[in-house]
Structures are given as C-alpha cells and as structure tokens.
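Peer 1: This is what each chain is made of:
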Amino acid sequence: MPIIVNVDVMMARRKMSLTELAEKVDLTLANLSILKTGKAKAVRFSTLEALCQALDCQPGDVLEYVPDQQTTSAVLP
Amino acid sequence: MKTSYVKFLKILIAIAYYGLIIVLIIVGAALIFNYFEPQRTIQISMDIPVQLNKSVSFQENGWAGSVTSSGYSSLSIHLLDSTMTQQNTLIYGAIGLIILLTLSLTIWLLYQIKQLLRTVGTPAVFSGENVVRIRTIGGLLIALELAKPLWWWIIGHNVLGVLTKHRINYSNAQISSGDSNLLFAGLLIIGLAEVFRSGYQLKQEQELTI
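One line per chain: the protein sequences are A and B, in this order.
One rule links them: number in our numbering = place in the first sequence (from 1) + 838.
One rule links them: number in our numbering = place in the second sequence (from 1) + 1.
Since the hints were derived computationally from the structure, they do not count as laboratory data.
Since this is a predicted model, take the numbers as computed values, not measurements.
There's no promise every hint is true.
No farther apart than 30 angstroms at their CA atoms in a straight line, the calculated lysine-lysine pairs in the BS3-like style are these [to be verified]:
1) A:862 x A:879
2) B:204 x B:11
3) B:115 x B:8
4) B:204 x A:879
5) A:874 x A:862
6) A:877 x A:853
7) A:862 x A:877
8) B:8 x B:204
9) A:862 x B:204
10) B:204 x A:877
11) A:874 x B:204
12) A:853 x A:879
Pulled out of the complex, with its shape left as it was, chain A reads as follows (with noise of 0.2 angstroms):
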C-alpha cells in the first residue's frame, strides 16, 4: 500500500512501547499491531490525533507516501 505508517519509528524516538502506546491512544493492542503492520484501510483523524498527542509529533512524521513502484523495488534487494 503507497501509504506507509512510520508509527514504529516513532515510538523507538519517544522510548515507548507498544502497550505504552496503546493505552495513551485509547487503542487495543491488536488494532495498534494492525496499523503499525500495515494491514489498515483506513485511519480516523480522531485516531492519527491521538497518535500525534501521544508521540508529540506531525501527521507527517508517523504517514509517509511512497508510490507503488518505489515500494516494490524497496522490497525487492
């Protein structure tokens, strides 16, 4: 998926966990392991606020874009 969810770099700058995390964002663990694995269709502004409150950051530093191609040949070595 083009849209890349950076939360786990995130939390290794703040020094947080992911069960941390998960009870500041008022999330469950596995709902938060869905989005930092990529599997989510979709993020709720309600929940990416949440996220920017809890790791004192931008939307930008937790989503970045990164267009199909780019993504295939970052996979591949």
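On the provided structure of chain A, position chain B as indicated by the hints.
Peer 2: Here is chain B on its own, set in the frame of chain A:
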C-alpha cells in the same frame, strides 16, 4: 439482535426442512415399493403443460389415468399391474428421478436458508459464506425452474401419445414463457447476493479502519 419474527421464520424453515427430508424418504420408499407391488392407494400426479377442454378418465392394461385441465393440466396415474412398471422401467425411473431431484433441490434450498437465518443478528451476517449461500439459493431457484422443461422433454412425447391414443383433444402442449416465476426470483436473489457482497466488503473495510 434477533426479533421474534426471525425466530418464527427459523422455526418455520426448520419444520419445512426436516419435514421435506421425511417426505423425500417416504416418497423414495413408496416409488421403489410401487415398482414391485403397485398399489391403488399410491398415485403419481404431475402437472403437464397441456390445455384441455374437459376432464377425461381412461384405462389401459395395467394402469388407469385421468386428466383435468386449466392452463396446465394435472395427470394422475394409478399403477394396477407390476408388469406395467417393469415393462416401462425407464419412464417410471425418469419420473421417479425427477420427483426425487425436485425434492432434493428444495431440501438443499431450505438448508441454505436455514444456515443464512442462523447468522441473522450476528456479525457474521455479512460474510463470504453468506454471499455464496445467497448465490446458491438463486441458482437453485433457477435449477427448479429448469427442472420443468427437462422433465417434459423426457416424458412429453409419451404423455401426448397417451392423450392421442385415447382421443383426448388438447390445444396447447408446450411450456410457455409466462411460467418463469422461479427464474426471475432466482435472478433477483443472485442480484441480492451482490448487495451482500458489497456489504461484506464495507464490513471488512470498517474492521480495518483504526
């Protein structure tokens, strides 16, 4: 959320389903028994796409029949002699097979409806399995409609031969295009399956919306 209407429908479908299974077993047994020991109490009735002016009764060696008419006519046959069935095994078998096939298709249809109703009021109502079930229901309705011309194609010339032999005048002897109720219902149900498929896709998207 399961309303009392849904519960009532489930009970009705369950009664029809298990009742038809019993009917299928009884009819199958009766057909086999009647082949070897024809009984006056056992009567094979079938709707034939033949239009007559009046009711007629007739008798031949080993069997008696009567024909009554509206747009379709009802042909009823009592087998009187076991040699008759054994001399006409193919025709008897074809009629029996069509009767059992129609019953089986109806039982399968009721089973699909029963399974569908089980998911009503649960999150599983919009699911891939239900999309397949609804398509199957539509397909079975179309198959039941196609059973009529198939059956007439198998035995039609025999029936018309009997009518001609006994000088029974008929004016129309073909399945008309107006008899397509189940066909249209089947197509409608298959269209409804696409609505369910869209609902299933929306549900999947909703589940993956964080």
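Peer 1: Indicate, hint by hint, whether the structure satisfies it.
Peer 2: We went through each hint and held it up to the structure:
Of the supplied pair hints, the one linking residue 862 (chain A) and residue 879 (chain A) holds, its CA atoms being roughly 22 angstroms apart against a limit of 30 angstroms. Between residue 204 (chain B) and residue 11 (chain B), the direct Cα distance comes to roughly 25 angstroms. Compliance with the 30 angstroms bound is thereby established for this hinted pair. Between residue 115 (chain B) and residue 8 (chain B) the CA atoms are separated by roughly 11 angstroms; this keeps the pair inside 30 angstroms, and the hint holds. Between residue 204 (chain B) and residue 879 (chain A), the direct Cα distance comes to roughly 11 angstroms. Compliance with the 30 angstroms bound is thereby established for this hinted pair.
Between residue 874 (chain A) and residue 862 (chain A), the direct Cα distance comes to roughly 16 angstroms. Compliance with the 30 angstroms bound is thereby established for this hinted pair. This hinted pair checks out: residue 877 (chain A) and residue 853 (chain A) have alpha carbons roughly 23 angstroms apart, not beyond 30 angstroms. At most 30 angstroms may separate the alpha-carbon atoms for a hinted pair to count; residue 862 (chain A) and residue 877 (chain A) meet this at roughly 21 angstroms. About 25 angstroms separates the Cα atoms of residue 8 (chain B) and residue 204 (chain B), which keeps this hinted pair within 30 angstroms; it holds.
Of the pairs offered as hints, the one joining residue 862 (chain A) and residue 204 (chain B) holds, with about 27 angstroms between alpha carbons and a cut-off of 30 angstroms not exceeded. A distance of roughly 15 angstroms separates the Cα atoms of residue 204 (chain B) and residue 877 (chain A); the hinted pair therefore holds under the 30 angstroms criterion. Proximity of residue 874 (chain A) to residue 204 (chain B) is assessed by CA-CA distance (about 21 angstroms); at most 30 angstroms being required, the pair is judged to hold. Of the pairs offered as hints, the one joining residue 853 (chain A) and residue 879 (chain A) holds, with about 27 angstroms between alpha carbons and a cut-off of 30 angstroms not exceeded.
Checked against the numbered hints listed earlier, the structure breaks none of them; every hint is satisfied.
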